[in-house]
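Q: Given next are the chains, with one letter for each unit.
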Amino acid sequence: MSTASLQRILYVEDDPDIRTIANLALSVVGGLTVEVCRSGAEALARAEDFRPDMVVLDVMMPDMDGPETLARLRLLPQTAATPAVFMTAKVQSSEVSHYMSLGALGVISKPFDPMQLAQQLRALWAGGAA
Amino acid sequence: MSQGGPVSPVDGGNAAMKGFQATLAALSQEYEAGLAQRVGLAHGHLRACQAAPGDALPLLELHRGMHTMAGTAGTLGLAQVGERARGIEAELQRLLLIEGRSVQDFDAVALMLESLGLPLD
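Here the protein sequences line up with chains A and B, keeping their order. Quick note: the first sequence uses my numbering, first residue 1, plus one each step. Quick note: the second sequence uses my numbering, first residue 131, plus one each step.
Calculated from the structure, these hints are not laboratory results.
Chain B regions said to be covered by chain A (calculated; three or more residues, Cβ under 8 Å):
#1 143-151
#2 154-168
#3 197-203
Taking CB as the label site, the calculated pair distances span:
#4 A/S97 to B/E213: 21 to 31 Å
#5 B/Q210 to A/R122: 29 to 39 Å
#6 B/S232 to A/Q78: 43 to 53 Å
#7 A/D63 to B/I228: 21 to 31 Å
#8 A/E48 to B/G230: 40 to 50 Å
Looking from chain A toward chain B, a few residues come up when the C-beta cut is under 10 Å (computed):
#9 D17
#10 I18
#11 T20
#12 I21
#13 L24
#14 V29
#15 G31
#16 D58
#17 M60
#18 P62
#19 M87
#20 T88
#21 K90
#22 K110
#23 F112
#24 P114
Virtual Cβ for every residue (Gly too), placed ideally from N, Cα, C.
Produce the entire structure from the sequences given, and follow the hints as far as they go.
A: Dropping the structure here:
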């Protein structure tokens, strides 16, 4: 991972309300550049042009869930090694261990605090770079 | 795509933050106003579960709806709704593991869904 600051987030979430909140939280509060995708397929279509510093994925999505989306992003040259974070309500230790085994940098639990979201991602980014 | 610098008073950050908080409040109110409709949809899924207790599809649909509601309502500040939905999600998770489910297995979910539609404290 680069030691540069976190700037560009590819964010994938199927729920429209959560998409709106997280997008605002990351862009307005966090000052990040956010590419918002409604599905894993949309993320795959946009990832290479957007060139994210980090991918943030909802876990439970219809058609293509977060883990499958991450697996497919890993097959694209531009996102083969991009740090990824899952956002989910399923945060029992066994579940978190599973997500980490898939190559995630971290897991953020839902519900989340919109005021803290960007800070949480920056902390994970900093931890991953250390 | 959204772009912007970090929130700062010198670049209009206060106005942006007020706008963000107003949007959050509006979304929360909108979500609460639409709660009865969401609960009605969940009841529809429950009826499908009760009509075919062994069919996992309506059960999975109801489970996904409660999972989403738990995360969304909580994030919007509707903690009580989020907690009620989380309880229903847990019960549905338990039912998913039962082989040979009967219609009576859904009685607790029916009661919990009724409470989901009750006024908030």
